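Produce the entire structure from the sequences given, and follow the hints as far as they go.
Same order as they appear, the protein sequences are chains A and B. Residues 1 to 482 in our numbering are what the first sequence spells out, letter by letter. Residues 1 to 95 in our numbering are what the second sequence spells out, letter by letter.
Hints should not be assumed to be uniformly reliable.
Straight-line Cα separation of at most 20 Å, SDA-like style, residue types lysine to any residue; simulated pairs [unchecked claim]:
(1) Lys337(A) - Lys13(B)
(2) Lys13(B) - Asp317(A)
(3) Lys372(A) - Lys92(B)
(4) Lys337(A) - Arg16(B)
(5) Lys86(A) - Ser340(A)
(6) Lys13(B) - Ala328(A)
(7) Lys30(B) - Leu358(A)
(8) Lys47(B) - Asp380(A)
(9) Lys372(A) - Arg16(B)
(10) Lys337(A) - Asp21(B)
(11) Lys277(A) - Asp246(A)
(12) Lys372(A) - Met58(B)
(13) Lys337(A) - Thr20(B)
(14) Lys257(A) - Cys384(A)
(15) Lys337(A) - Tyr88(B)
(16) Lys406(A) - Arg16(B)
(17) Lys30(B) - Lys372(A)
(18) Lys47(B) - Ala365(A)
(19) Lys13(B) - Val319(A)
(20) Lys30(B) - Glu405(A)
(21) Lys13(B) - Glu346(A)
(22) Lys30(B) - Gly404(A)
(23) Lys92(B) - Ala332(A)
Reference listing, derived: stretches of chain A covered by chain B, where coverage requires no fewer than 3 residues with Cβ under 8 Å from a Cβ of chain B [what the hints assert, rightly or not]:
(24) 329-339
(25) 347-359
Note that these hints are calculated values from the structure, not bench results. Values in this document were obtained by computation on a predicted structure and should not be read as measured data. The beta carbon of each residue, even a glycine, is placed where N, CA and C say it ideally should be.
If you want the building blocks of each chain, they are given just below.
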Amino acid sequence: MTELSAALRAGETSSRELTEAALGRIEQLDPQLNSFISVTKEQALIAADAADAQIAAGSAGPLTGLPMAHKDIFCAEGTQTTVGSKMLENFVSPYDSTVVSKLKDAGMVCVGKTNMDEFAMGSSNETSYFGPVKNPWDTERSPGGSSGGSAAAVAAGLVPASTGTDTGGSIRQPAALTGLTGLKPTYGRVSRYGMVAFASSLDQAGTFTRTAEDAALMLGAMAGFDERDSTCAEVAVPDYSATLNDQLAGKTIGVPKEFFDDGLDAESQAAVEAAIKQFEALGAGVKEVSLPNLGMSVPVYYIVAPAECSSNLSRFDGVRFGYRTEQADDLADMYTKTRSEAFGDEVKRRIMTGAYVLSAGYYDAYYLQAQKVRQLISNDLADCFKDVDVIMGPTTPTPAFKLGEKIDDPVQMYLNDIYTIAANLAGLPAASVPCGFSQDLPVGLQLVGPRFSEGLILNFAHQYQQETDWHNRTPDIFGGAA
Amino acid sequence: MSLSRNDIEQIGKLARLEVTDSEMDGYVGKLSQILELVEQLQQVDTKDVVPMAHPLDMVQRLRVDEVTETNERDRLQQNARDVENGLYTVPKVIE
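In structure tokens form, the structure reads like this:
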């Protein structure tokens, strides 16, 4: 995006040209990917022309005029916001979410809303009411989820950047499976106002870009206090771009042994180990560390997230917005039929799991116990960060799996998030950057830092990307990046 | 932990979700698998551990009780299925 921005400001191209090119590529290639739910062509061209006017007036910023896409979980005024569900198929947002509004103010041009697992529940983008998304590296494989559309769109060069959300790994896992830089900031770093809620203590908005340099620009525009989100932190936003070139010498990387278990694919392990060696060559120290309760991440998450979602999704009752059943005997029947007809199976399973673990007689054994183990996992990470600056390991246990391979086995699907969930439970910032290939499919390296250490994570990632070119690789079938 | 059809029906009532006869076995099976997964937590010693509700070192912010929003009812009701005189209409509750 840095090059595109320079080209715009030098007058070598225009936002309108870039936007039309993006719209053209979407029309040509997206039928094979299904990464977009809606394309907002008219609004995009209006925004592009406004950006061109700013560029001409000399008041452009580093993101002005660049095309991008939003995950269809962010309310954007006047656009359909479906959250990948029949429940909100015809819902038109009456207002902008803070993320949309901030990136608009920064001059970015949104070309459409991307496909996602229904209500952000999934790791493969197969639960969407609008059909699965295909991985541009192999269209028989999943791009990951829940932000599969946002990942596929950038990986295929349809747009240079997109937004996503990450509750248990939904940015980092698709970034790993599609060869992108995916960033999940600290919980509270980015406002959740206008972002449809799945699990309120875990959800966080973030970015998909090719590079850490681009992620720094987007995060700088997206982050910041918002009084409309009471979980938003009142912490100043640093200049993430300014520290990208800091020295790594004197900094230490912790490598948790629990990340290298039997479930990790051998080629992925080799790629991650090679990446860590690269960081050593750049001057960082490496130390083995331990996260003793890491193995409990998935069980904790599959109690806490469903519990929170059962509460958040109770607002979908057909009364004020969204789908409503045609025939109902009475109000209670209307609620039941509306919800049963418009929610998909995974959503219903999670709502029911949540209702169960919160119900009388089970609350202490499940939910309360899960909250306590969450504290232990968070403590393990805090203890590590006393001795190391950043933690590294694989993002996913395997590269992209085939569509249909795991969708009938929820627990197998859940295990895809085994390395990513801990960062959500502890509210820590984490990223995935491309570090190699396994069976010709991209492999991601995960970086996790202490709270509000996005600048440090991006610094490590950027230094790595100066010495390697994994992040520049694109799938052959789609040619070069936009 | 294995669930029964009755359990699923009870949970369905709480969550306002209906599971059809043909779907029932699938739901019983998959939800039981999920509960088996989470059963592992029982092995963890959590004596004296404070439950964590969220990762922030914060409490709910308060503000002065002054009106700051404008009434935009008509605009916000545009997504509703049935509205009459600014009221949402639903099937009869009282016989």
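For each hint given before, does the structure comply? Return the numbers of the non-compliant ones in rising order.
3, 9, 16 and 17
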